[in-house]
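Construct the complete structure from the given sequences, taking the supplied hints into account.
Chains A and B are the protein sequences, given in the same order. Reminder that position 276 of the first sequence reads as 276 in our numbering, one-by-one numbering, no gaps. Reminder that position 231 of the second sequence reads as 231 in our numbering, one-by-one numbering, no gaps.
If you are wondering where the hints come from, they were derived from the structure by calculation, not from laboratory data. Think of the CB as a built atom: it goes at the ideal place given N, C-alpha and C, for glycine as much as any other residue. Be aware that one or more of the hints could be misleading.
Derived coverage of chain A by chain B (criterion: at least 3 residues anywhere in the stretch with Cβ under 8 Å from a Cβ of chain B; other residues may be distant) [as the list claims (entries may be wrong)]:
1. 44-55
2. 90-99
3. 116-125
4. 143-149
5. 175-182
6. 233-244
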Amino acid sequence: MRDNNNKWLLLTSAAALALGTAAIASADTLDDTRERGAVQCGVSDGLPGFSAPDDQGEWQGLDVDICRAVAAAVFGDSEAVRYISLNAVERFTALQSGEVDVLSRNTTWTTTRDTTLGLNFTGVTFYDGIGFMINKDLGVSSAKELDGAAICVQSGTTTELNVADYFRANGMEFDPIVFDTSEQTVGGYEAGRCDVLTSDTSQLAALRIQLSDPDQSVILPEIISKEPLGPVVRQGDDKWFNIVKWSLFAMLNAEEMGITSDNVDEMLESDNPDVARLLGRDGNYGEAMGLEADWAYNIIKQVGNYGESYDRNVGMSSPLEIERGVNALWTEGGIQYAPPIR
Amino acid sequence: MSVRPKAHSLGPKPPFWRDRAKRALAFQLLLVAAVVVFLLYIIGNTQANLAARGITTGFGFLTNTAGFGIVQSLIDYSSQSTYGRTFVVGLLNTLVVSALGILAATIIGFIVGIARLSPNWLIARLASGYIEIFRNIPLLLQIFFWYFAVLRAMPSPRDSLTFGEVAFLNVRGLFLPEPLFESGFGLIPLAFGVAIVASIALMIWNKRRHEATGKRLPAGWISLGLIVGLPLLVLLVTGVPVTWDVPELRGFNFRGGFTVIPEFLALWLALSIYTASFIAEIVRSGIQAIPHGQTEAAQALSLPQNLVLRLVVVPQALRVIIPPLTSQYLNLIKNSSLATAIGYPDLVSVFAGTTLNQTGQAIEVIAMTMAVYLTISLLVSMFMNWFNARVALVER
Chain A
1 MRDNNNKWLL LTSAAALALG TAAIASADTL DDTRERGAVQ CGVSDGLPGF
51 SAPDDQGEWQ GLDVDICRAV AAAVFGDSEA VRYISLNAVE RFTALQSGEV
101 DVLSRNTTWT TTRDTTLGLN FTGVTFYDGI GFMINKDLGV SSAKELDGAA
151 ICVQSGTTTE LNVADYFRAN GMEFDPIVFD TSEQTVGGYE AGRCDVLTSD
201 TSQLAALRIQ LSDPDQSVIL PEIISKEPLG PVVRQGDDKW FNIVKWSLFA
251 MLNAEEMGIT SDNVDEMLES DNPDVARLLG RDGNYGEAMG LEADWAYNII
301 KQVGNYGESY DRNVGMSSPL EIERGVNALW TEGGIQYAPP IR
Chain B
1 MSVRPKAHSL GPKPPFWRDR AKRALAFQLL LVAAVVVFLL YIIGNTQANL
51 AARGITTGFG FLTNTAGFGI VQSLIDYSSQ STYGRTFVVG LLNTLVVSAL
101 GILAATIIGF IVGIARLSPN WLIARLASGY IEIFRNIPLL LQIFFWYFAV
151 LRAMPSPRDS LTFGEVAFLN VRGLFLPEPL FESGFGLIPL AFGVAIVASI
201 ALMIWNKRRH EATGKRLPAG WISLGLIVGL PLLVLLVTGV PVTWDVPELR
251 GFNFRGGFTV IPEFLALWLA LSIYTASFIA EIVRSGIQAI PHGQTEAAQA
301 LSLPQNLVLR LVVVPQALRV IIPPLTSQYL NLIKNSSLAT AIGYPDLVSV
351 FAGTTLNQTG QAIEVIAMTM AVYLTISLLV SMFMNWFNAR VALVER
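The structure is reproduced here in structure tokens:
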């Protein structure tokens, strides 16, 4: 059923590109969003930790928190989001044609995507890399031993390309078994159609806990590529580009300054000039973006800082239990770094 | 001036908008112009939109390196091939599963359709049970059912079922020995060609002789013997210049030989069985459309039962069967695009899926894919119409 809807979405997106007037392209996304009363946010079709509905039907995850942060900045209400679930194949067309305002869907930042698709990447929410998951019984301990393996992979991802490169570079062969959605990919792996399931390591962690017997599968140590994941917007609307970009930066800066959703009200009284600027007490850094002065306060109050979001969704307080690693702040030995607010 | 009497020869000539033929022509011209203007508008508008959004356009991407692998390809393909080649690989995979699906669906459909009219109660009920079950379950569910039923029933590569240690069946597919042709093999296709030409000549000669003298040879059987026998004879005479590449278990899986992947098996089974249930109903209605008097008249000429069917009933039934059968063939071809759900690398999965996503050229890729399905469908429909005209009642 969902597949049919998705095909329909792809078709209407293409039709919108064909029929819509050129004026839409230069339209003001912020105005459109305000008029609609909600941010239209493209998320994945169900990837725990990044974007998946919980048992109450509420969308949760690291990618979802970006949608909520943008809504908090624009409306002062993190609930003003309309979620649109997209598979890998549909995501860019949906953004290009205006079906969504932001694509926040574990999407790797690459040259082709940044330069030829009419899109802009607004930053990195998660530094990732491709790994391999394999059944313990096969007794494989390194990706170098995978010559001749059948590999399940999701269609239309950078994974599909990077795995082919890796095997060719190492003089190995493999059979790619390509599925449409991550759900089907896991199905193929569980049915034994392939020896190996490959994806970004964060996704492997998320998919592994969905298996009927997670302990039967191991993730191999090799990480074979760089996969910086982040939100994407359309080119040609710099104001909207800035809003999405700085919503993420506000979350990162908040963590660095030690502001959390719990202490943000106390922090309003802080003497620290950085904190005063971020929370809108000194100067108005939202004005140039068309936002209120308390835009960052709303994000931190309602969504939390980056570290809170990380822990809650993918970190040690979540079922995924992914270490911070390179995703720690630069002050903590990681590479997450946001430009200052001033 | 015309010498023909005019309908309105009296009075002045009416204005052109009151002349029905001219009015119709004018409206048709207007319609064509409107369609052309509309097409020009959407093409221009699309280009303007794409340019305004900084999206690269054009078909240049087809010569870029694809960089991803495809599990089944009938032509040479590697991740270093171009996107243009992924298009051809996907197209061939679509054509293979469609052609074999049409073949199987037609055979099963005719058997079930005739079985449903059987006087044997059990056979007739089984046939109608088959039709009601498979016609009423959505195709996508059947594809999933076959895929997972097929997969779950198979052993792992290390416990493969084997057939005389040359063919192997496991969860990764059916592994068959592949013939490798050595020099001297060229004679065999040649012998095959000679046999076909000889058979056609025999058919024509037999027909003329039958018309002239009333005598006839069992030309069908002789031709079959020729077509099978002659290449076989040449094969033996030349000392069988074929070696077999037998699949072998190496590492994770079997290598060498020829592989039939389970995605293909599942899609082919589902398409054949689903479409066959519709074809069976078409065959039944076709046969029932022939008045019983035709059979009785043929029997009155003391024709044997098989000739009654072959010369009287089936040729008339075909005229009823072929037009709806064409629709079923077209449906099967279009339904093969559901392949993407189970990872069979057909045109939609490989080209409108992966290639579209890697290049982002949605408009070009979708337009090419639609053009392919349109072309295939029109060709099939043309062929079936030609065939229909051939079997149509020839009035003498």
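Checking C-beta pairs, does the stretch 233-244 of chain A have three or more residues closer than 8 Å to chain B?
holds (count 3)
Closer than 8 Å Cβ to Cβ for three or more residues is the test here. Does the stretch 44-55 of chain A pass it with chain B?
Violated, because only 0 residues of the stretch 44-55 of chain A bring their Cβ atoms closer than 8 Å to Cβ atoms of chain B.
How does the stretch 90-99 of chain A fare against chain B when you require at least three residues with a CB closer than 8 Å, holds or violated?
Held - the stretch 90-99 of chain A has 3 residues with a Cβ nearer than 8 Å to chain B, which meets the minimum of three.
Okay, the stretch 143-149 of chain A and chain B, do three or more residues pass the C-beta test at under 8 Å?
holds (count 4)
Quick check: the stretch 116-125 of chain A, covered by chain B? Criterion 3+ residues, Cβ under 8 Å.
holds (count 3)
Quick one: see if chain B covers the stretch 175-182 of chain A, three-plus residues with Cβ-Cβ under 8 Å.
That given contact holds, which follows from 6 residues of the stretch 175-182 of chain A lying within Cβ reach (below 8 Å) of chain B.
In summary, the one numbered hint that this structure violates is 1.
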